[in-house]
Amino acid sequence: MIEVENLTKRYGNILAVDRVSFRIESGEIVGFLGPNGAGKTTTMRILTGFIPPTTGRAIVADFDVMEKPLEVKRRIGYLPEHPPVYNDMLVSPYLDFVARLKEVDSRERPQEVRRVMDLCGLTEVQNRLIGNLSRGFRQRVGLAQALLGDPEILVLDEPTIGLDPRQIVEIRELIKNLRADHTIILSSHILPEVEMICSRVIIIHEGKIVAEDQTAHLQSTLRNSDRLFVQVGQAGPEALESIRRVPGVISVLPEEKVPGGYRVELEREGQKIREDVARAIVTGGFGLRELKPVGMSLEEVFVQLTTVEGANPEEGGKIS
Amino acid sequence: MKKIQALVTKELGSYFISPVAYVIIFIFLGVSGFLFFQILSYFNLQSIQMMRYPGLLDRLNLNDMVLFPFFHNVVVFFTFLIPVLTMRLLSEEKKLGTGELLFTSPITTTEVVLGKFFAAAAVILVMLLFSFVYPLMILIFGNPDVGPIFTAYLGLFLLGSAAASLGILMSSLTENQVIAVISAWGVLIFLLIIGWAAQSVGPTFGAVLQHLSILEHFQSFSKGIIELKGVVFYLSFIFFTLFLTQRVLDSQSWR
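Line by line, the protein sequences are chains C and B.
Using our numbering, you'd call the opening residue of the first sequence number 1 and step up by one each time.
Using our numbering, you'd call the opening residue of the second sequence number 321 and step up by one each time.
Hints in this document: simulated from the structure, not taken from any laboratory.
All clues given are correct.
Cross-link-like lysine-lysine pairs, in silico, PhoX-like; alpha carbons within 25 Å at most:
id : chain 1 : residue 1 : chain 2 : residue 2
1  : C       : 272       : C       : 292
2  : C       : 68        : B       : 322
3  : B       : 322       : B       : 414
4  : B       : 414       : B       : 323
5  : C       : 257       : C       : 292
6  : C       : 68        : B       : 323
7  : B       : 323       : B       : 415
8  : C       : 68        : B       : 414
Given the structure is predicted, the values throughout are model-derived calculations rather than measurements.
Extracted from the complex, chain C is given alone in its bound form (with noise of 0.2 Å):
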């Protein structure tokens, strides 16, 4: 169990993390979401210990991380946003090391090594140098350490930076595999990864949480319009003009990269709608090419979170 109280971090001048609280059970994966700068390393570096807050509270496994910080220290692991490694050390023998370091009892250390090297797939590399690595596997050493010795409580900052897709695949399982028993929380920005994994999403911006909800509902709470990408054979006014006569379209803008190509914006809950839009390409006789939903990015969402809040000072942006 994590729980945050108010948490605030300043550099300086700078306010990393402003008045940030949370609370996440056990068992929970929890994604931070937010872009570069946003606050969530920050955030994790206090959960972790690693650096204090200005002010407020953090508590994680029942200790606080101020009050006890060995004590959290003994039951996290913790992946930071680069791998930690020693370029001069070889695979085994690092993940040996940090066995040590994390108390793994001496007689259950050789298969405990083994044990976070298959699950990250390093026991082919296990006997290279670390510098010679590349950043896949260096960031899946990483990962390995953070494993070691099954720590109740995972924070992983961008675990899936730098590896190939085939790995991301990879590891996102590993990490969905771990959630039975772990508590776990990990930072991206990429929002489908967050989607995958977690159960629930922290959305960070400027060191401030602008929402916080239940993976599932998110992208459905945050917009309130479906959007479609169109592309016809006979592109012109008159295909422009039959697909906005169809009720529930809001606009339809041309594609300027895409000859034939529209982005048509619909109302919400526009299942019925885009049978309309597509009757109405086919029976025009425009030659309908390609019709697909288009999702919202991360950049998206902020500007809709940001001007929603800006809209409704009241509701502070929180949504739920």
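Following the hints, put chain B in place on chain C, whose structure we already have.
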């Protein structure tokens, strides 16, 4: 204690996997070998000259004429090599981000500092062990007094450890290794020449400065005397600098 051990093993591994320790030990042995050779050939020359005056042969003494000048000349170079050995110990952790692992592991800053210090002290021991070949030659081919050799080595080890703890302190203050080593040299030079000011500041304060001089205490060790004040000076110097290092590491997270 187990964690200190883990850290020492890891640091020693880094020293001897990378060329750092080899280069430093090689250079130390090379320079001290050259000094030893020079001093010994000068001694030979004098011995041959003395043959003409059998009455003076009694004055020829391996301890006074070879070993004492040898230690005397080697000690400065030795002291200045130590910060090169220690410059990366803490600054690199900061630079590479591995400190984030170290300081989020269940290990106290005191254990970190001690682990780093013991690793450096172990390398110093290896360095001194190898340099023992020179006195060993004297022992094999001559019959010097053994006592002063061992006290000189004890003095070198204490002095080296003091320089190492100073180097670790400087390494904790910056993430730049060059700054770490240069500032350690700066402090060492200051501690070497501080005794010179003794004549100009009056007898009481002068004695204080004399005692602060880091080389001053080595003199008696090289003469074969283990002085309590020397041992206390080096041990308290080590304790004080390591304590400061621990405070620096603790305070760094507060910024």
